[in-house]
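Student: Residue-level listing of the chains:
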Amino acid sequence: MAAPPLAGIRVADFTWVWAGPYCTLQLGYMGAEVIRVETRTRLCVTRHMTPMADGKAGPNRSGYFNQYNQNKKSISINLRSAEGRAVAKRLALASDVVTNNFAAGVMDRLGLGYEELRKSKPDIIMITMSGFGETGPLREYVAYGPAQVPLSGLSALTGYKGGPPLHVGFSYGDPNGGVHGAFAVLAALYHRARTGEGQYIDLSQWETSVAMVAEGVLEYQMMGEQEPERMGNRDHWNAPHGVFRTKDMAEKVAGRSIDMWVSIAVASDDQFRRLAAAIGRPGMGSDPRYATFAARKQNEDELEAIITDWTSTRYAREVEEILQDAGVPAAIVSTNKDLFEDPHLNHRGFFVELEHPEVGVRKHTGPPWRMDRTPNGVQRAAPVLGQDTDDVMTRVLGYTAEELAKLREAGALN
Amino acid sequence: MSGPFANLKVVEVGELASAPYASKLLADLGADVVKVERPGVGDRARRRGPYPKNEPHPEKSGLFLYLNTNKLGVTLDIFKPEGMELLERLVADADVLVHNVSPPDMDRVGLSFERFRKHNPRLVMTSITPYGLTGPYRDRLAEELTIWSQGGLTYLNGAGPDTREIPPLKAFGQQAGYQGGIHGAVATVGAMMAQLRDGEGQHLDVSVYEVCASQLELTYVYWPYGQRVASRLGAKPVQPLEALECKDGIIFLCCIEDHQWKAFVELMGHPAWTDEELFKNRGRRTANWDAGRLFVQEWLNEQTVQDLYHKAQAKRIPFAPVSTMGDLLSSDHLKARGFFVEIAHPQAGALKYPGPLFQMSRTPWEIRRPAPTLGQHNREVYVERLKLSDAELTQLKQKGVI
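Sequence lines, in order, name chains W and U. Letter 174 of the first sequence, counting from 1, is numbered 174 in the working numbering, and no numbers are missing. Letter 110 of the second sequence, counting from 1, is numbered 524 in the working numbering, and no numbers are missing.
Please note: incorrect hints may appear among the correct ones.
Claimed, not checked - Lysine-lysine pairs mimicking BS3-like chemistry, simulated, CA-CA at most 25 Å apart:
#, chain 1, residue 1, chain 2, residue 2
1, U, Lys467, W, Lys297
2, U, Lys694, W, Lys56
3, W, Lys363, U, Lys813
4, U, Lys694, W, Lys337
Derived from the structure by calculation, the hints contain no laboratory data. These numbers come from a predicted model, not from an experiment.
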């Protein structure tokens, strides 16, 4: 049987929070041995975040941490002690790739800078995924994923018509920076496999986020330096295009209405005729007020009201089914529970259910791809803090049991 | 110096964002990418703007121009048998085929991994489709809005506890498409590593639905860890983490770690309210943020955005302004890093595009050519590379194949 794509690649992972861990999650999916360096005195913030398994707090019980650190090993090192930093350096030099998402300069101060490491290991690959990059006047600035959304221009473009700039609802800058970081590392690994050369990668999460609004940046220039307008769920080039109320919302559970919506995006006049027929208004398909894209755009308010009349007397899943059967792109606006229960995702084996030493079996999401020849995916649940310290110290780094005990005593490991 | 993917041959059959972004990522790092478009109409992105002065023109779409830099463009109708035969020849010596042809269309034209692999066992074929190549939703239709929504991201955004009548809100642009592309590119280079090692390719099935559902931060796990539905209407896991008004605009407040909150308290001049029991630690502060917000707002009313942004950053508090497109293009920081690059296109003219996504010390990111006009490289690819004769080329043109 073939080996996983990245079998034999070791990653010394100094990342934390979400961007960096999302990067190394991708590498782990493809078989890299990812060793996360943690410190008990300054835990990754995601180990503190809700939800905790069954509402009981503890550093190994966070769903957030356990989702994005699957497959990884955890070694707990005290980076404040000189001996601890020496262990970290030994780990870095025993690895093919060193990752971090600290602000510029932090790795240098830990004695783990690229120039230092390459002296002993010229083909090492190192990536820093900082908020602003390693050069430029704002290089010392810090940015977290949620703040990247306004900073990148995505907020200025997202919002209801006539309303203020809004967020996108999650820390988009993090997974986006992280997955681009994974791509950069893979490009460097590919180059190394062909030439034997390592290199240093400077990734700015701000820049990877700005790339996601390229259309807006170009529109501004093409329209004579005019800022694009926010337009809710509508689209300049398709109509109708929106998120509509459903009958679910008329029903109450525990005194609250169910917040259930359906999205519909018609991409052609033909699809509009199908939609018109499906909602029992076939005449609209040839009505000059709606038959063409330009006409629908002109009468969009009225059109949305007609569709809402129809959707709000039906359940979201019913709307999705009727419209899909008619050949119209439509989908429910899924909740996390909908995804968890979704027959399609479950059928495709998207979820991973592995035993975790503290929280048991929880249904996590796995890689969003399937490879038909090489094994990949999740082999192991996320580590409890320091779970692999002994194994990494002895098997990977070659410390003897005696040396290990001494380092523990000296407070180098924690 | 050349890019890490110099010498790599890629064929793309892509529309809109997902497959085109995946192959752009490879092309900008040196790969030779031949993009296949439908004769006459081309990639759907050509029929979406933005356009100069808002006048639609198939060679001037900003979305198309950005997503297709560095590619050679040919036309080819894969819905005709001769077209599929020609595609087979193009793919025969390629390292990678990346496409986003929908599963029903793949069935219709006979676009399958088996077919290409017969002639090219080294081929990595990456299929990026809305729902993937298996499962009950395989053949469903999807657009950017519907897949972002089905993937669980729309539900997290917009409105608020007091305005639950307002629909959840999609993020601007083609985010699901871009994410499908970058995740597809990650898997593709992984498979290329195995290709180098084993001399064998494989088929990758990338689902954009799953890509969206992979990015739900802490919200997906609220179900398996606590049987709770995570909603845009609910409370945030930590506060302050939101946009509020200053004197002259909006600032995004962000105190995720305790030291950031402490530094912010200092920046505000350590007002007495911050010592109250209600705001004592992260949990209390978050739970009582309705009250905390009022106090902070009072202080913010006297602040200006840029001044507060820089003052906060000087204390390592990750606040951020709401950048406009104009702000981005005029940022001294982005300029110093050479982020925006000017690219001249024969029809759309010179514009500044987002440039390198990261800087590699040895292998450059570079623009070698702007996005192709429709069928611009037909002769180069079909005559010079595939050695078709002029007569054959003419015949294929007459049949509408190219």
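Student: Of the numbered hints stated previously, which ones are contradicted by the structure, given in increasing order?
Tutor: 3 and 4
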